[in-house]
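Protein chains: 4
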Amino acid sequence: MSAGTDIHALAPARGQLKLRSVGVSGIRKPLTVHRRGATHTLAVTFEVAVDLPSDRKGSDLSRNAEILAEIVDETATRPAESLENACSSIAAELLRRHAYASEASVRASAEYFLRQGVSESKRSFEDYTLLAEARATRAAGGAVALARAVGAEAVGMTACPCAMETCRERLLREYPRLDDPSLRDLPMITHNQRNRTRLVFELDGGGEVEAEEVIAAIEAAQSSPTYAILKRGDEAQVVLAAHRNPKFVEDVLRDLLASLPGRFPRLEDAVAVRASTVSEESIHKYNVEASHRVTFGELRRPAGR
Amino acid sequence: MSAGTDIHALAPARGQLKLRSVGVSGIRKPLTVHRRGATHTLAVTFEVAVDLPSDRKGSDLSRNAEILAEIVDETATRPAESLENACSSIAAELLRRHAYASEASVRASAEYFLRQGVSESKRSFEDYTLLAEARATRAAGGAVALARAVGAEAVGMTACPCAMETCRERLLREYPRLDDPSLRDLPMITHNQRNRTRLVFELDGGGEVEAEEVIAAIEAAQSSPTYAILKRGDEAQVVLAAHRNPKFVEDVLRDLLASLPGRFPRLEDAVAVRASTVSEESIHKYNVEASHRVTFGELRRPAGR
Amino acid sequence: MSAGTDIHALAPARGQLKLRSVGVSGIRKPLTVHRRGATHTLAVTFEVAVDLPSDRKGSDLSRNAEILAEIVDETATRPAESLENACSSIAAELLRRHAYASEASVRASAEYFLRQGVSESKRSFEDYTLLAEARATRAAGGAVALARAVGAEAVGMTACPCAMETCRERLLREYPRLDDPSLRDLPMITHNQRNRTRLVFELDGGGEVEAEEVIAAIEAAQSSPTYAILKRGDEAQVVLAAHRNPKFVEDVLRDLLASLPGRFPRLEDAVAVRASTVSEESIHKYNVEASHRVTFGELRRPAGR
Amino acid sequence: MSAGTDIHALAPARGQLKLRSVGVSGIRKPLTVHRRGATHTLAVTFEVAVDLPSDRKGSDLSRNAEILAEIVDETATRPAESLENACSSIAAELLRRHAYASEASVRASAEYFLRQGVSESKRSFEDYTLLAEARATRAAGGAVALARAVGAEAVGMTACPCAMETCRERLLREYPRLDDPSLRDLPMITHNQRNRTRLVFELDGGGEVEAEEVIAAIEAAQSSPTYAILKRGDEAQVVLAAHRNPKFVEDVLRDLLASLPGRFPRLEDAVAVRASTVSEESIHKYNVEASHRVTFGELRRPAGR
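Chains as they are written, first to last, in our numbering: chain G, 22 to 326; chain L, 22 to 326; chain Y, 22 to 326; chain X, 22 to 326.
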């Protein structure tokens, strides 16, 4: 074999199959983003891939690492507008440099810090996860179609409405005085736990979503947000808020989805959202989960059952 | 509110949305399986869920745990035929006891040990992962359709064919004697690494697949299987085998898929397989991945490009 | 270099240092144990190592895998008495076959299932972690000293006593009727969460500890054990039990340690215990932890402050 | 109980034991550091704890979160000099605000990016882990003693010298021409794999260590560093470098430790280093590990065996 043979470009020995996805994962890069007047450097985990035609042995994976490096490096002097915009640039460039590919996909996640607090004076950094995806597709005539998704994950708290009700019934038998009208809405004990909720917007047709607004939507749908700094009185405030707002994972998901048309009025009907939520149950060793996918059109005009 | 109120059965307060999936995850159970003349107890991680209609606040999750416990307990005295059969029983029972649901899904994974060795006298237990899924769907007239999937993951080794070729070119310049015809097929240095490959059969229309055969197919598609016990000469044997069989992740995937019609001749054309493979690259800090999904019909009659 | 050179036995090229520990980790094996009339197969993760003298380049690691395989295989026909006994056998054998080593250590962990329930009729398998360690030391004259450790980890629930008190104070202001004497011990809302507690006995001088008793001690020290199957009334029972028994991680640890002399009266004063506990706080995104190490002698005769 | 009761300050109900460590873990914060002319924001995971006297029920954990928040927030306007200096400040402040404690400990880890490359033109960000610890101890008379540790982890590559030798012996039999003197040092095939090596300096008595120098020391001790961007010729260069520098984990550790007196000449004899290394073996499903702890004094004047 002569020097300089490109093994990737050979025909595959066996199994002349097109492959849906070939790429790299777990590649970490510091991406600089400028948004809302501030510059952040995000430590991003990328997963990038393209498809591979049946007549080519290998995908030229060193290009994936080069593209990531170039686009990330450029943000050090010219910050990206957002993680999802960087993903779109990467997806478009993947398709440009993998001439044999018809589709490129990019998935990114990064930790994100926001100053939050149970009150103004107790604000400190809370950690969240940013999520972004981009998909570039080569259409007829060489045009490239780009679809983006953007989202976030937030950890908060849920308090169980069912155990609350059965505790109430049980305590009423033990403490008849609880039947006093003035105690009717006394918040009752239940199990409560860490909840992780994730919301991703599939913005195929355009539109913008701010991470802060995604996080705000999620935290409003949990029984309560959680905070790093809680002095003694604050703990009571958060516990009380959660117990006045008990939620199944089903409630978290539906309340979150139901809030979206009001919170994101400018997104078009075709925009879809994927939502999932996990409660790390305190009374079980296992987790409870719910997930759904729905379009803004369906959220705006529910079909009934 | 009167005693005994079932909070789950109430109408949701907001967001009267059907939810695609509500269930429990990360629940661990010891399932006893009798297969090929031997009884194994598998430590299984289950994820089970049903959908939820729009007019019902919550899914009755305690039933999920009960069903799992009952079916698992029964296997202690009457072992299941297979992990996937247990999943099917669980899926059918989920649908029976969640009368409001139209679909139930079960996913299971379990560690599995097989005695393997580089030679007969060096066999010892190697660890693999079994995978099984089941989906029960309520059709018109109350009939229930069941679909199953079964698969496995095996860890082996890949050696890179591209770096092998560029090393050969480079070493030829440094060691002209390498051009000697007797050294033409001398295996050359390259990077090699741990590879995890997963293969799942979607047996919607029936058919049986043995875990041992899935594992054998995967190990045959990697550059080499790996073993716990390798004495000095054995190491050379495995290293040499891998370097005589260098593979990209693309090759692992295609060779695996191409081997399936021959290895599983009785599976029908409609059976689909999902395959994915990850090489934990030794020369990079990140991983390289490939994945595909294809039917036996497509594997038997490739469409060309 | 002649055929058959043992590279490990050469002198190191640089850095003629004794090394404290060289070995293998993450090796998984199915170990068969017979205890209390029942035979279990545990899927064990082993970590085994020996020290290495300064004049030897490498440790003969293939022996580690062989010893593990032999001892594990033997249990298939002659079950081990316990995980810690298997660890001791492995440690002794490591020292025998690594003639150059002066110390061998073995660490093992395995998932373990026990049938438990909030009531007799609702028992099902709950998952725990077994822990075992062994250390073999070569003393003067070639004698080998063996030390063992054995323990377990259990997941349960804690309810916070501090937030409970501040909630009580706050609710008293809002609901003056709560001051009624009949409501004095009404359990109040607080945050509660998943708690993981681990207890390991260092049995250097001998003594036996049953995993079931370690798990029972841990679960008695948490605010409440947790269960897979909880029907509606049972949830109230567990929630109520936890709220009548609120605990900081400090309380879990001290109550656990304080209970040990009574629960394990036959263990000698020289036996040490290591205990650690983690509460995955529901009102924070981070965890709260406590740990301690103390001897039975110190537990039996506290020194005062 | 009167309003405002501090539950933590009560006497424990049972088990009046001093506890070695009570604190928080898994708390994430963005810490701004200015070093070598550049400002970085590190996403740090902190674990902070103090001991607890026997007469006090609970540790005032909200102070831990407050201290972390204050010190981290201050770095937003006045960057810290280093992660370990921030840890020292936190440890000192923990002891100041937990008046009942005699010891405070802080552990921190953070991802860190350095521009590296196989050649100048192929530099891009590679990811590493920074490690820092601080311990504050209250001495007699109220003085506080501070000890710091600082280190890093780097992922690189090892090639096995033993399998290389047995492959050479085997190939010599198959290819007699390999015996040609001009081919004597031809690098031979072996297994190679991802290696993670960690080095931590215990700077109790002072001294400074730069993360870049720790990382450089580790990468020099592995068979080869690894890089994100490797074009075809570069792969051969890295593979060749690794095969000309084959290493057991024992060699990585000894070569690393032996290099330290030369690389860090100003550190005093009393400084200790902890080093550990893990090779994720390509020919096994398990890992191979080695670890050691030694002082600079011992490294400078080895005691012989």
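Misleading hints may appear alongside valid ones.
Copies of one chain are not kept apart here, so a pair can be met inside one copy or by any two copies together.
In silico SDA-like links for lysine to any residue, alpha-carbon gap of 20 Å or less [said to hold, decoys possible]:
#1 Lys-143 <-> Ala-262
#2 Lys-78 <-> Glu-124
#3 Lys-78 <-> Asp-225
#4 Lys-252 <-> Ser-280
#5 Lys-143 <-> Arg-284
#6 Lys-78 <-> Glu-195
#7 Lys-143 <-> Tyr-121
#8 Lys-39 <-> Asp-290
#9 Lys-252 <-> Gln-137
#10 Lys-78 <-> Glu-229
#11 Lys-78 <-> Gly-254
#12 Lys-39 <-> Arg-322
#13 Lys-39 <-> Leu-116
#14 Lys-143 <-> Arg-295
If you're looking for bench data, these hints aren't it; they were derived computationally from the structure.
Computed from a predicted model, the values in this text were never measured in an experiment.
Comparing the hints with the structure gives:
In this assembly of identical chains, the alpha carbons of Lys-143 and Ala-262 lie at most 20 Å apart only when taken from the same copy (17 Å versus 33 Å across copies). Within a single copy, Lys-78 and Glu-124 get their C-alpha atoms as close as 17 Å, which meets the 20 Å cut-off; across copies the closest is 41 Å, which misses it. In the homo-oligomer, the alpha carbons of Lys-78 and Asp-225 never lie at most 20 Å apart, since the shortest distance is 32 Å inside one protomer and 31 Å across protomers. Taking identical chains as interchangeable, the C-alpha atoms of Lys-252 and Ser-280 are never at most 20 Å apart, the minima being 31 Å within one chain and 32 Å between chains.
For the homomeric pair Lys-143 and Arg-284, neither the shortest alpha-carbon distance inside one copy (26 Å) nor that between copies (45 Å) is at most 20 Å. Taking the shortest alpha-carbon separations for Lys-78 and Glu-195, neither the intra-copy value of 74 Å nor the inter-copy value of 28 Å comes in at or below 20 Å. Taking identical chains as interchangeable, the C-alpha atoms of Lys-143 and Tyr-121 are never at most 20 Å apart, the minima being 55 Å within one chain and 25 Å between chains. Taking identical chains as interchangeable, the C-alpha atoms of Lys-39 and Asp-290 lie at most 20 Å apart only when they sit on different chains, with a minimum of 18 Å there against 34 Å within one chain.
In this assembly of identical chains, the alpha carbons of Lys-252 and Gln-137 lie at most 20 Å apart only when taken from the same copy (15 Å versus 38 Å across copies). For the homomeric pair Lys-78 and Glu-229, neither the shortest alpha-carbon distance inside one copy (39 Å) nor that between copies (32 Å) is at most 20 Å. In this assembly of identical chains, the alpha carbons of Lys-78 and Gly-254 lie at most 20 Å apart only when taken from different copies (19 Å versus 64 Å within one copy). Proximity of Lys-39 and Arg-322 under a CA criterion of 20 Å is satisfied inter-copy only: 13 Å between copies versus 41 Å inside one chain copy.
With identical chains, the CA atoms of Lys-39 and Leu-116 are at most 20 Å apart within one copy only, with a shortest distance of 16 Å there and 38 Å across copies. Proximity of Lys-143 to Arg-295 under the C-alpha cut-off of 20 Å is found in neither arrangement, the shortest distances being 33 Å within a copy and 36 Å between copies.
Of the numbered hints listed earlier, those contradicted by the structure are 3, 4, 5, 6, 7, 10, 14.
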